[in-house]
Amino acid sequence: MDVQHSSQARVGQIADMPARRSAPMRLLAILLKSPVGMAGSLIVTGIVLLAFFGPLISPQDPQGRNLRARFKAPGYTDDIGSYALGTDQLGRDILSRIIAGSRVSVLVGVVSVLISGTLGVIYGLISGFVGGILDSVLMRIVDGLLAIPFIILVIAISGVVGAGLSTLILILGFTGWTTYARVIRGEVLKVREMEYVIAAYALGQNRLKVMLLHIMPNVISSAIVLAAVQVGVTILAESSLSFLGLGVKPPTVTWGLMLSDGRQYINSAWWMTAYPGIAITITVLGVVFLGDWLRDLLDPNVRGRA
Amino acid sequence: MRGFFISRLVQLCVTMFIISVVVFFILRLSGDPILVVAPDFFSQEQIEQMRKFWGFDKPLGEQYLTFVTKAITGDFGKSYLAKRPAMELILERLGYTWMLAAAAAAIGLTIAIPLGILSALKRNSLLDLIITSLSSLGTAMPSFWLGLMLIIIFSVYLRMLPAFGALEPKAIIMPSVTLGVGMAARLSRMTRSAMLEVLNQDYVRTAHSKGLLRQTVVMRHALRNALIPIVTVFGLQLGWLLGGSVVVESVFSWPGLGRLMIDSISVRDNTVVQAGLLFFALSFILINYVIDVLYIMLDPRIRFQ
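Going down the list, the sequences are from chains A and B. First residue of the first sequence: -15, per the numbering used here; consecutive thereafter. First residue of the second sequence: 12, per the numbering used here; consecutive thereafter.
Chain A with its partners taken away, still in its complex shape:
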């Protein structure tokens, strides 16, 4: 046992040492080769930075009202400051509000995907690994949940439970896991028949260890790719819900709420509608690009194709 461990460790060291040193450089090299990956990571990094350091670069207070400057078109300037993207019905600066809104999108996207990803991976692992009747029952439940279109399910639950930022994050987190469960379960079914898994059993490892140490690491890349896609889906869902008045409530600033304000004044102030939508589109586009790149990188089945 001891001998086996130390030799394993030595092999690991030898294999890892040169690779570990150059890992960030390698990643950068791969990234430079892919314009899509590059664009995606630049956009996503930009949005995350905006969410963290927004208040430092925001030209004005996103809540600051200026009733003399209501509905001003983009480019308007007065003695208080300039409004590059115009102002809303209370004279608040659209650009500053878009910067403030990035926080909610990043928060909702990241936290609910973490929740749903964790739940879905655990569920899928158990379902695929245990198999048999439990697998059939668990998968029928997933089928049932997947048959209700995601956004409709979320709308119904938030309509009943009530809205608010943290409630919304939880709702999105606890409804989005089904896709992961389905995908991970399929992957587990493939992986659990692999020779290295059988070898692990032969070496006397127990089922839990096999599941966590040999199967999970080999299916987790599918979950990561899916998570990137789901971040986009979640951000879009949050904006739809807030737009419908079933999501985040004012005074929290979100892009969806800004669109709902914009709709009220759609006849007179197009900029109130146009810019928050562009912000959502760019953010989700960044996430989609990053997801595409990750898929090509992590999934050897599609690597080099498409």
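Hints are computed from structural coordinates only; laboratory data are not their basis. Everything hinted at is true.
Which stretches of chain A does chain B cover? Using the computed rule of at least three CB atoms under 8 Å from a CB of chain B, they are:
(1) 131 to 138
(2) 142 to 148
(3) 215 to 228
(4) 235 to 247
The C-beta atom is built at its ideal place from N, Cα and C for all residues, glycine as well.
Since the structure of chain A is provided, determine the placement of chain B on it from the hints.
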């Protein structure tokens, strides 16, 4: 063949059962449904009376059984607000939603299939880059925002199309384009990768080497085989379409099921919300069942297994 139909049908019933449980309990997540709808000035006695009237005094299991047995016969209970059967309200609106979904699906397919084929054939060309970029853009764009932008352009500035309602035939143009573009963006991606997959197959190479015309190979040999995954994805995307229609119907005040749901949610008319959820899920799984059956019939490889 028959075995397949029956096993899919059984699966369909099981799925429906799970959906009914999910829907039933979602609507009870808020706690006591009566306290939500009862006016503030009601006395304790009146609330009890109301609870008895709607059947909320019975144990949950029994409530569920009553709900399911009635739902099977098409009785979803009365709307709290309209004081009419929820089924009636839904049937009035269902046609509008199906009309919108059909128009959007038609627009989506007409755009997606030719573009997907083109970008697969001209892989890695400038055209391919443009098409795939547009499809990423269409996927990333919130559909309701696209709807709002169309309103700004075609209703506010050009005054060509009505911004809301369904009073004239051309009112369907903007909502269906809004949803169709999102659908096309998602489908063209799938068409492209399905075509790429098929174009690499031996039989396509054989067809080329036989000296067949390029367009014959593409249309007869490649597209036909690529259609199977495309049709499957189309069925699954209908879920996105139905979901999107809820939000887009609100944007355009389109009198469909989605708008009914949103309106009912805001006044807490839970019977209607419950029935609406069931109808959305039912439409979705029925369409997918039909698609499954259809392509089993179309694809001899599966048929003769």
